[in-house]
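Novice: Note that the protein sequences, when read in sequence, are chains A and B. So the first sequence is numbered by our numbering: it starts at 1 and just counts up by one. So the second sequence is numbered by our numbering: it starts at 514 and just counts up by one.
There may be inaccurate statements among the hints.
Just the calculated beta-carbon pair ranges, DEER-fashion [as the list claims (entries may be wrong)]:
1. A/Val322 - B/Pro734: 18 to 28 Å
2. B/Glu868 - A/Arg180: 53 to 63 Å
3. B/Ala538 - A/Gly485: 30 to 40 Å
4. B/Trp717 - A/Val322: 27 to 37 Å
5. A/Leu497 - B/Trp717: 32 to 42 Å
6. A/Arg108 - B/Asp571: 51 to 61 Å
So, partial list: chain B residues that the calculated Cβ filter (under 10 Å) puts toward chain A [said to hold, decoys possible]:
7. Val661
8. Ser682
9. Val683
The set of hints was computed from the structure by calculation and includes no laboratory data. Ideal Cβ positions, reconstructed from N, Cα and C, are used throughout, including at glycine.
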Amino acid sequence: MPELKLPDIDYAALLPMLILFGAACVGVLIEGFVPRSVRNMVQLVLSLAAMVAALVFVIRRAGEVTAENAATIGGAIMIDNMGLFMEGALLVLGLVSLLLFGERTLERGGAFVPHAAVTVGSERDREQAVDSGATEVYPLALFSLGGMLMFVTANDLLTMFVALEVFSLPLYLMCALARRKRLLSQESALKYFLLGAYASAFFLFGVAMIYGFAKGVDFRAIHEAVRGSETSPTLLLIGLALVAIGLLFKIAAAPFHVWTPDVYQGAPTPVTAFMAACTKAAAFGALLRVLYVGFDGAKWHFTPVLGAVAVLTMLVGAVLAVTQTDLKRLLAYSSVANAGYLMVGLLGGNKDGLSSTLFYLVAYGFTVIAAFALVSLVRDADGEATHLSRWAGLGRRSPLFAGIFTFLLLAFAGIPLTSGFMAKFGVFGAAIAGDQTWLVIFGVLTSIVLAFPYLRVVVMMWLSEPGETTPSVSIPGVLTSAVLGIGTVATLLLGVLPGPLLELADQASSFIR
Amino acid sequence: MVDLLLWTLALPLVGAVIALVVPDAPGRIVSVVASVLTLVAVVPLGFDRPAGMWHELDIPWVPAFHLRLHLGVDGISYPLVVLTALLTVLCCAYSVWHTPAPGRGNVLGALLLVIEAGILGTFLAQDLVLFFIAFEVVLLPMAAVIAVWGGEGRRRAALKFALYTLAGSVLLLVGVVVVVVQADTADMVKLTESPTLPATTQLWVFALFALAFAIKSPLWPLHTWLPDAHTEAPTVGSVILAGVLLKMGTYGLIRVGIGVTPEGFAKAAPVLGVLAVAAIVVGSLVCLVQTELKRLIAYSSVGHMGFVLLGIATGSAVGLQAALIGNIAHGVLTGLLFFVAGAIKDRAHTGQLAELGGLRERAPWLAGILGVAALGSLGLPGLAGFWGEAFAVVAAYQRGGLLWTVLAIVAAVGAALTAAYLLRMLRRVSHGPVAPALAAAGEVRWPEAVAWAPLILLAFVLGVVPVLVVDLAAGAALISGALGR
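Construct the complete structure from the given sequences, taking the supplied hints into account.
Specialist: Okay, structure coming up:
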């Protein structure tokens with residue numbers, strides 16, 4: 001029997017992931033051993049500490065990436081510049097959205113219930129609705145974030161699939177934990193789970209096809225097979241299409257977006273913020289790696305198809321956003337449209353495309369987290385008041401928060417001096433440089449359409465008289481205030497002085513194959 | 514001097530912030546002080562006039578996007594810059610005395626200052642990306658001014674204005690991105706001196722620019738936001754809107770349209786000319802049947818801007834000079850007209866022409882000023898409106914060929930129509946028996962007189978010696994540089 005040869009493992013490079021997974025396991029133990037009264041504080045501190053530690057190791061690694069030391073665990077994980085940037089971005093965005101998870105002053109016990117699967121309306125469900133908060137959500141979020149880190153650094157399709165499942169499964173569960181509107185929350189989780197399972201199956205089937213074509217699943221083998229193979233590309237194209245479907249589902253591109261509004265609406269708002277910022281970033285990170293590293297030889301095949309998907313995504317997102325009457329659904333469709341703009345940058349297909357997409361992900365992430373943080377503040381006796389008509393006259397009741405929300409909406413609309421403008425300018429410029437002007441034309445057309453729902457909300461907040469049903473804006477706790485502050489300041493700073501982050505994204509926009 | 518350029522943008526912005534945080538009454542004073550200081554900073558820019566840029570400032574901002582804080586002033590932008598600063602002072606001062614419901618004059622002043630900064634930025638920018646940013650900064654504060662301090666249908670008008678001009682902006686954005694990516698620079702001076710874009714690209718980039726600026730100007734048939742916005746806007750909003758905001762469109766067409774994409778402009782000029790003349794005729798005809806005072810003046814803007822655009826479209830030195838004078842003249846006269854119309858509406862509480870009449874009996878000075886503004890606006894020689902309109906027609910005629918000759922003739926007929934509707938307005942408002950609505954109308958009050966006097970003075974100065982105000986050489990230089998004529 002030949003001696004078993006173990007792959008080299010560069011633990012230093014993997015440390016950010018290991019810290020998150022380790023902290024998540026400790027978090028599970030805390031659930032068992034720490035008294036309830038202090039559990040939230042302990043879990044929050046542990047999670048934040050783990051993320052900060054992981055971030056420190058990502059930053060320390062930043063200068064040391066070389067072509068030799070990037071690949072580890074037998075080439076399953078690739079910690080290159082781009083991977084490090086995505087890890088850092090995910091950790092920062094995750095950190096900010098985790099602050100929302102810890103908010104306990106808006107509602108007794110926080111936004112989450114302990115048991116996701118209890119029948120709605122049953123005795124136990126009523127009990128847990130008034131129960132003090134559940135903290136299982138912290139380890140779930142850490143597992144999910146760890147999976148995302150693995151997802152964006154996976155160097156072969158199988159590792160990527162494993163990571164996809166690792167970060168998706170906790171998300172499905174987290175969606176079902178909303179304290180209010182339990183039925184909606186459970187429905188959203190089930191929908192997300194079922195559709196997500198289909199998408200995963202497509203992805204896996206695609207991996208099998210590609211294995212048949214390339215005789216390997218790692219990106220270097222795929223790259224070489226795409227370049228040099230004599231065999232018919234049918235298997236390759238089917239495989240690429242199926243893998244892409246799996247990833248497009250996660251980024252919420254049309255026509256694989258149908259879960260987005262329901263899940264964004266039903267999930268607890270902190271989880272929605274987490275998904276809108278981090279899941280999107282992770283999925284784009286993986287999509288970039290798959291397309292730029294593995295399949296760049298098939299560019300001529302996938303660009304027109306994905307271009308059509310991008311156009312459809314922008315159109316669907318923008319047009320359906322106009323018809324929404326619920327703020328969370330509106331933001332969901334806006335998130336769909338933003339996936340389209342991100343794809344415009346991605347399909348630019350050059351270094352600019354890569355760096356502008358990275359910048360967009362970070363800029364959008366900050367803005368969207370702050371926007372959902374604000375949504376969680378406008379409440380009445382039944383929890384969050386997300387119907388648009390309820391926001392009428394909010395500017396009179398609390399000018400500060402209405403002002404912040406207006407600013408965030410302007411950022412979504414891409415008005416200059418907000419990060420949204422710089423981000424859009426970047427991706428459109430990259431697409432024109434990459435001869436994809438038609439995408440830019442659809443991009444600006446949909447931007448016009450999309451400006452309408454945003455402005456309508458602004459007009460409603462400032463110019464309508466507050467009615468009987470206009471809810472009050474809760475005084476945010478320290479954590480939500482921090483999130484709002486960070487998100488708003490980042491949106492402004494990235495709009496006025498985007499230089500440093502652009503430079504960072506530019507340095508990060510290189511893969512190692 | 515370099516610092517002055519920065520001050521022209523910084524002063525209004527700082528003033529806006531201060532005005533916003535202090536209470537109402539002191540806030541209004543702060544906005545006046547800030548606007549006066551801005552005017553003081555702006556005027557010396559024209560003291561020293563070397564060839565080319567008179568003053569320049571160039572600081573890198575976002576190198577990755579070719580975005581530089583590159584400001585410059587020359588003969589084309591200087592008159593517009595001064596007019597902007599002057600009108601803002603007058604509007605801020607007027608707001609101290611009179612701010613329509615719901616009050617909050619400090620917020621109104623702050624918004625006016627932000628608008629001023631944006632417009633000044635647009636006129637001063639020598640970097641294409643910076644130009645776009647400044648162009649867009651103006652949009653939302655203006656919409657807010659209409660939406661908060663406007664008349665009955667203000668919400669609809671503001672949303673229409675915002676969406677319309679936002680649509681124009683994104684078209685402009687595409688053009689800017691294409692130019693910046695293809696030429697690998699956003700320096701407007703460089704782009705104008707050595708256009709590197711291929712002719713086909715220029716043509717469709719110019720189409721994008723022209724659409725964007727046509728919405729702003731506005732050029733028929735993209736003018737439909739203007740009457741609503743003007744009718745509903747408060748007096749100061751209308752003055753800024755007509756006085757300088759519309760000029761961003763024509764200025765952009767000259768500086769960016771002709772400067773950056775000269776070949777595209779040359780090919781599209783006949784289309785532009787036809788549309789401009791259509792605007793003159795349609796604007797005048799619509800004015801003849803208008804029943805509301807502010808709406809009538811708003812539609813007259815469509816006609817006047819048609820003359821300016823016709824001058825630009827001829828692509829000749831004479832035409833461009835006519836356009837530059839016409840721009841300023843329209844800003845002065847229409848600004849004055851809106852001030853007076855606002856004053857009449859405040860007194861009569863109606864703008865319906867049928868319910869007005871006999872103003873000269875109750876308030877002869879007010880009626881007299883309205884008369885001066887209207888006569889200037891219809892192009893009476895000796896007043897500001899004459900030069901721009903007459904020489905736009907002359908330039909079109911000089912261009913020769915069947916098309917341009919016809920255009921010149923039709924435009925001249927349009928000028929006669931302009932006289933017809935303005936005289937009709939004067940007859941309805943000033944003459945005839947005193948209408949009940951104006952029975953108690955008061956005479957011009959001193960804050961009004963202070964706000965209007967500079968405009969009346971300018972109307973005469975521009976009419977008699979336009980070269981004092983407009984640097985004619987600059988227009989000729991730009992044309993010969995860009996088009997080789």
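Novice: Could you run down the list of hints and mark each one as holding or not?
Specialist: A quick look at each hint next to the structure:
no.	hint	verdict
1	A/Val322 - B/Pro734: 18 to 28 Å	holds (25 Å)
2	B/Glu868 - A/Arg180: 53 to 63 Å	holds (56 Å)
3	B/Ala538 - A/Gly485: 30 to 40 Å	holds (32 Å)
4	B/Trp717 - A/Val322: 27 to 37 Å	holds (28 Å)
5	A/Leu497 - B/Trp717: 32 to 42 Å	holds (33 Å)
6	A/Arg108 - B/Asp571: 51 to 61 Å	holds (58 Å)
7	Val661	holds (7 Å)
8	Ser682	holds (9 Å)
9	Val683	holds (4 Å)
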